[in-house]
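Engineer: Each chain is listed here by its residues.
There are 2 protein chains.
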Amino acid sequence: MEIRSLQRSDYDVLIPQINDWWGGRDMAGMLPKLFFNHFKDTSFIVEEDEEIVGFLIGFLSQDKSDEAYIHFVGVHPDYRKKNIGKILYDNFLNKVKMADRKVIRCITSPVNKTSIAFHQKMGFVIEQGDKTVDGVAVKSNYDGVGNDRVLFKKKIE
Amino acid sequence: MEIRSLQRSDYDVLIPQINDWWGGRDMAGMLPKLFFNHFKDTSFIVEEDEEIVGFLIGFLSQDKSDEAYIHFVGVHPDYRKKNIGKILYDNFLNKVKMADRKVIRCITSPVNKTSIAFHQKMGFVIEQGDKTVDGVAVKSNYDGVGNDRVLFKKKIE
Numbered sequence: 001m002e003i004r005s006l007q008r009s010d011y012d013v014l015i016p017q018i019n020d021w022w023g024g025r026d027m028a029g030m031l032p033k034l035f036f037n038h039f040k041d042t043s044f045i046v047e048e049d050e051e052i053v054g055f056l057i058g059f060l061s062q063d064k065s066d067e068a069y070i071h072f073v074g075v076h077p078d079y080r081k082k083n084i085g086k087i088l089y090d091n092f093l094n095k096v097k098m099a100d101r102k103v104i105r106c107i108t109s110p111v112n113k114t115s116i117a118f119h120q121k122m123g124f125v126i127e128q129g130d131k132t133v134d135g136v137a138v139k140s141n142y143d144g145v146g147n148d149r150v151l152f153k154k155k156i157e
Numbered sequence: 001m002e003i004r005s006l007q008r009s010d011y012d013v014l015i016p017q018i019n020d021w022w023g024g025r026d027m028a029g030m031l032p033k034l035f036f037n038h039f040k041d042t043s044f045i046v047e048e049d050e051e052i053v054g055f056l057i058g059f060l061s062q063d064k065s066d067e068a069y070i071h072f073v074g075v076h077p078d079y080r081k082k083n084i085g086k087i088l089y090d091n092f093l094n095k096v097k098m099a100d101r102k103v104i105r106c107i108t109s110p111v112n113k114t115s116i117a118f119h120q121k122m123g124f125v126i127e128q129g130d131k132t133v134d135g136v137a138v139k140s141n142y143d144g145v146g147n148d149r150v151l152f153k154k155k156i157e
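Protein chains in written order, with the UniProt record's numbering: chain R, 1 to 157; chain G, 1 to 157.
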């Protein structure tokens, strides 16, 4: 397995398969081309035998000079539970640390228990919400009406 | 009419109405919250009587230190042909010029003749494509299969 920075040409490879990685859910809209043109430096691809098996799209906050944000992470269904998420997050952390960022933020859906457990294992803390779902603090309607989110934060040491 | 920088709270105001501005088309996905959290500094709101009547979401390219990108611009249907687009673009241009950017890029759909005419009037040039639609150079499948785009570029002087 190899990890490298995102390339512009990854767009045409990822977009046609990305919905399948999520069992048919429409996820392609989460990957507008702008990330492949302008945020390659803090986004990563994991490959196995020259096939993409995982990716992380992240960026340095433009407004908050000490923050970085992870927008979207995906692992091919056949390659889950192989530590690819951790490899991607570790690379992102090292990259943004070099850019003097002190905090990484990201969000997930309250139903995504795997994601919540992953982030907690990776040392993210859950930010205060306005309600609790299965013991987890959740911010109601964070991504628009009906779209509650769990907000994660990790301090870089 | 007043112009100001984007605020985080604009998200909850804009998202419920944005699809209506486009006659019911699903456009809310073009406005993920990350822009309201991390790119406020180069994004703008035009208000009339404290109501939002126009917005521009743009950012400084993280990878290309001389570039800026305009992601998404909208004007309330009742406020079109009032120069709001020009006001937003002029403000963006001045902002990114201060950040030493030399080039602004953006894209539009080949069917959007109003947008193509607007960008040409604003001094954008159309980049080379791989086909021509109604006399305009177009890049096939730029935003995924079937999603051709016109690519604009403007040098800042």
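Since the hints were derived computationally from the structure, they do not count as laboratory data.
A portion of the hints provided could be inaccurate.
Lysine to any residue pairs mimicking SDA-like chemistry, simulated, CA-CA at most 20 Å apart [stated by the list, open to error]:
hint : chain 1 : residue 1 : chain 2 : residue 2
1    : G       : K131      : G       : K153
2    : R       : K139      : G       : D10
3    : R       : K64       : G       : K40
4    : R       : K154      : G       : N37
5    : G       : K64       : R       : P32
6    : G       : K33       : R       : R8
7    : G       : K33       : R       : I45
8    : G       : K33       : G       : I15
9    : G       : K113      : G       : D130
10   : G       : K33       : R       : D66
11   : R       : K33       : G       : L151
12   : R       : K64       : G       : K131
13   : G       : K97       : G       : D10
14   : R       : K33       : G       : Q7
15   : R       : K64       : G       : K153
16   : G       : K102      : R       : L34
17   : R       : K64       : G       : R8
18   : R       : K40       : R       : Q7
19   : G       : K64       : R       : L151
20   : G       : K64       : R       : D10
21   : G       : K64       : R       : K139
22   : R       : K139      : R       : L151
23   : R       : K97       : G       : D63
24   : G       : K33       : R       : Q7
25   : G       : K121      : G       : N141
26   : R       : K155      : G       : N37
27   : G       : K64       : R       : K86
28   : R       : K139      : G       : Q7
29   : R       : K153      : G       : D130
30   : R       : K33       : R       : E48
31   : G       : K95       : R       : D63
32   : R       : K86       : R       : L34
33   : R       : K33       : G       : D10
34   : R       : K33       : G       : N147
35   : R       : K82       : R       : K121
36   : R       : K82       : R       : T114
DEER-style ranges, computed between Cβ atoms [what the hints assert, rightly or not]:
hint : chain 1 : residue 1 : chain 2 : residue 2 : range
37   : G       : N141      : R       : M30       : 47 to 55 Å
38   : G       : D130      : R       : D130      : 25 to 33 Å
39   : G       : A28       : R       : E47       : 47 to 55 Å
For each residue, glycine too, the CB sits at the ideal point set by N, CA and C.
Engineer: With reference to the structure, classify each hint as holding or not holding.
Structural biologist: Here is what the structure says about each hint:
1. K131(G) <-> K153(G): Holds - the C-alpha atoms of K153(G) and K131(G) are around 18 Å apart, at most 20 Å.
2. K139(R) <-> D10(G): 17 Å, holds
3. K64(R) <-> K40(G): Since the Cα atoms of K64(R) and K40(G) sit roughly 10 Å apart, the hinted pair holds (cutoff 20 Å).
4. K154(R) <-> N37(G): 17 Å, holds
5. K64(G) <-> P32(R): Distance ~17 Å between K64(G) and P32(R) Cα, so the pair holds.
6. K33(G) <-> R8(R): Answer violated: K33(G) to R8(R) is near 24 Å, above 20 Å.
7. K33(G) <-> I45(R): The given pair, whose Cα atoms are some 24 Å apart, is violated under the 20 Å limit.
8. K33(G) <-> I15(G): Within the cut-off at roughly 10 Å; holds.
9. K113(G) <-> D130(G): Holds, at about 19 Å.
10. K33(G) <-> D66(R): Judged against 20 Å, a Cα distance of about 19 Å means the pair holds.
11. K33(R) <-> L151(G): The hint holds at about 13 Å.
12. K64(R) <-> K131(G): 41 Å, violated
13. K97(G) <-> D10(G): 25 Å, violated
14. K33(R) <-> Q7(G): Violated. K33(R) to Q7(G) sits at ~24 Å, over the 20 Å cutoff.
15. K64(R) <-> K153(G): Given that 20 Å is the threshold and the Cα spacing comes to 28 Å, the pair is violated.
16. K102(G) <-> L34(R): Between K102(G) and L34(R) the Cα gap is close to 18 Å, so the pair holds against 20 Å.
17. K64(R) <-> R8(G): It holds: about 13 Å lies between the C-alpha atoms, which stays within 20 Å.
18. K40(R) <-> Q7(R): 6 Å, holds
19. K64(G) <-> L151(R): 30 Å, violated
20. K64(G) <-> D10(R): Satisfied, since the Cα-Cα distance of roughly 18 Å is no more than 20 Å.
21. K64(G) <-> K139(R): 35 Å, violated
22. K139(R) <-> L151(R): Satisfied, since the Cα-Cα distance of roughly 7 Å is no more than 20 Å.
23. K97(R) <-> D63(G): 17 Å, holds
24. K33(G) <-> Q7(R): With Cα atoms ~24 Å apart, K33(G) and Q7(R) exceed 20 Å; violated.
25. K121(G) <-> N141(G): 26 Å, violated
26. K155(R) <-> N37(G): Within the cut-off at roughly 18 Å; holds.
27. K64(G) <-> K86(R): It is violated: about 28 Å lies between the C-alpha atoms, which goes past 20 Å.
28. K139(R) <-> Q7(G): With Cα atoms ~19 Å apart, K139(R) and Q7(G) stay inside 20 Å; holds.
29. K153(R) <-> D130(G): 44 Å, violated
30. K33(R) <-> E48(R): With Cα atoms ~23 Å apart, K33(R) and E48(R) exceed 20 Å; violated.
31. K95(G) <-> D63(R): Between K95(G) and D63(R) the Cα gap is close to 13 Å, so the pair holds against 20 Å.
32. K86(R) <-> L34(R): 25 Å, violated
33. K33(R) <-> D10(G): Violated, at roughly 24 Å.
34. K33(R) <-> N147(G): Holds - the C-alpha atoms of N147(G) and K33(R) are around 12 Å apart, at most 20 Å.
35. K82(R) <-> K121(R): 15 Å, holds
36. K82(R) <-> T114(R): Given that 20 Å is the threshold and the Cα spacing comes to 14 Å, the pair holds.
37. N141(G) <-> M30(R): 47 to 55 Å: Once the Cβ atoms are compared, 19 Å apart, the range 47 to 55 Å for M30(R) and N141(G) is violated.
38. D130(G) <-> D130(R): 25 to 33 Å: 50 Å, violated
39. A28(G) <-> E47(R): 47 to 55 Å: 33 Å, violated
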